[in-house]
Structure formats: structure tokens, C-alpha cells
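Peer 1: The primary structure of each chain is shown beneath.
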Amino acid sequence: EAQVTQNPRYLITVTGKKLTVTCSQNMNHEYMSWYRQDPGLGLRQIYYSMNVEVTDKGDVPEGYKVSRKEKRNFPLILESPSPNQTSLYFCASSLGIRPQETQYFGPGTRLLVL
Amino acid sequence: AQSVTQLGSHVSVSEGALVLLRCNYSSSVPPYLFWYVQYPNQGLQLLLKYTTGATLVKGINGFEAEFKKSETSFHLTKPSAHMSDAAEYFCAVSTDTGTASKLTFGTGTRLQVTL
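Sequences listed follow chains A and B, in order. Just so we're aligned, residue 1 is where the first sequence starts under our numbering, counting upward by one. Just so we're aligned, residue 1 is where the second sequence starts under our numbering, counting upward by one.
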């Protein structure tokens, strides 16, 4: 089944404890992206990647890192999480980088930083 | 710069009634427009999208949307609401920035369907 998977789905952590949220797609997609969803703000892009070893900042990149060493994986790293990073995170991918491409979303990761 | 405004964070309709979710966009170049639906505890799923051509776009589950350039709108409609339509709906715009596509979302509209 073609899908985007994220792990973990739920995570509770404490301020300053490094964490990684994994994202993987099995559709051979070029483009991958991370979003965070907050009430009343919709989804905002954190980082995106156009291909292996090509990443760039989105609208809210502060406090986050990403890497794209393999085409299928795009982990999101929080080196020193803070409470304002408590949010619902979505990974997405699309076949290409053209603006009309449909992005396919993972199921989300709910993060609580205490 | 591109942006999306969704009027009404919450919309409530009776089962069988018309669903109308409003979306207005701002873009200095031709936009590509999307509607996504998010069911509770799930990711976003594409309902429909406008790229080029016919301005009336039909999607899944009986939804459709019409691109009106003069009004910078892309409102989502469904003639008859069903209980299973209760979800959050996001309008999004994408334009060609020259480097990579950028999808900008509205703040979402939560649709409640009552008996």
C-alpha cells in the first residue's frame, strides 16, 4: 500500500531532551515536507526537501533540523525541544516538485513537551 | 506572497443540507488550489484540486469547488451533507516560486453535521 508513515504517533518528552520523529514514504517521491498544525493557525511548513541531500527552510524552521540521506526517509530532529514546540506534526510527500503536485500526508505525530 | 483565508472556523449544517465552505486566496501569479479534509486523529486527505482548465472541479465524496478568478475564491460545496462529512477542511494554495512548490494552508474550517 502506498503510504507515508510516521513514528512515533504520540510522544511526551521534557524540555531539552533531543528527539527524532521519523518519516518514510514508499512511493519513490522526490519531494518531502514537514508541517506543524496548531489550533487557529492551520498547517505551517517547517522544512522541505526536493531530493536527496537537498533541504531548505519553510516558514517556521527555528528549533528544528532535518536530513535527507535516502529518498524514502525524511526525519525531523528537535535538538533541544521547548514547550512551544508542543504541536501536531505532519510529514508529506509528492511525486515531483511542481506546484500542482498533490501532497500525500502521514497520520501525524502528536508531541507534548513538558 | 501567497495566502489563504477561510471564512468561518466552525460551520454547522443539518444532515441533508447544503454544505458551503468558503476560501479566498491571494496570489500574484496563477494559483493552484486544493481542498484537503482531516478526519479525527488522521492525516490530511486530498478532496480535490484545481490546476488548469475547467473551473468547476469535482472531488471525492460528492464535493466540488469552483475557481473564480475575478473573486479570488475557491469555495467548497456539497449538495447534501452526510454525518460522515463531519471533519476539518483545509483550503491551500500553491504557486511556482521558481525553486520548489510551496503549499500555503488556510486556518481550517471545522464542519459539524447535525441530525
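Note that these hints are calculated values from the structure, not bench results. Hints should not be assumed to be uniformly reliable.
For lysine-lysine, the following DSS-like pairs were computed, each having C-alpha atoms within a straight-line distance of at most 27 Å [claimed, not checked]:
(1) B/K58 / A/K57
(2) A/K69 / A/K57
(3) B/K49 / A/K65
(4) B/K102 / A/K69
(5) B/K102 / A/K71
(6) A/K71 / B/K49
Computed footprint of chain B on chain A, listed as stretches where at least three residues anywhere in the stretch have a Cβ under 8 Å from a Cβ of chain B [unchecked claim]:
(7) 10–18
(8) 23–29
(9) 74–87
Which residues of chain B face chain A? A partial, calculated answer using Cβ under 8 Å [to be verified]:
(10) Y39
(11) P40
(12) T51
(13) G53
(14) S84
(15) A86
(16) T95
(17) T107
Small disclaimer: the values here were computed from a predicted structure and weren't measured. Using N, Cα and C, we set each Cβ at its ideal position, and we do this for glycine too.
Peer 1: Each of the hints needs a verdict: does it hold here or not?
Peer 2: Evaluation of the provided hints:
1. B/K58 / A/K57: violated (33 Å)
2. A/K69 / A/K57: With a Cα-Cα distance of about 17 Å, the restraint between A/K69 and A/K57 holds, given a limit of 27 Å.
3. B/K49 / A/K65: Measuring from Cα to Cα gives roughly 31 Å; hence the hint is violated.
4. B/K102 / A/K69: holds (22 Å)
5. B/K102 / A/K71: With a Cα-Cα distance of about 19 Å, the restraint between B/K102 and A/K71 holds, given a limit of 27 Å.
6. A/K71 / B/K49: Holds, at about 26 Å.
7. 10–18: Three-residue rule not met by the segment 10–18 of chain A, so violated; n is 0.
8. 23–29: As far as the segment 23–29 of chain A goes, the hint is violated, because 0 residues have Cβ atoms under 8 Å from chain B.
9. 74–87: violated (count 0)
10. Y39: Hint violated; B/Y39 Cβ to chain A Cβ min 11 Å, cut 8 Å.
11. P40: Cβ of B/P40 sits 11 Å from chain A, so the hint is violated.
12. T51: Result: holds, 4 Å to nearest chain A Cβ.
13. G53: violated (11 Å)
14. S84: Check failed: Cβ of B/S84 comes no nearer than 19 Å to chain A, outside 8 Å.
15. A86: Since the shortest Cβ distance to chain A is 18 Å, the answer is violated.
16. T95: holds (6 Å)
17. T107: holds (4 Å)
Of the numbered hints given earlier, the model fails hints 1, 3, 7, 8, 9, 10, 11, 13, 14, 15; all others are met.
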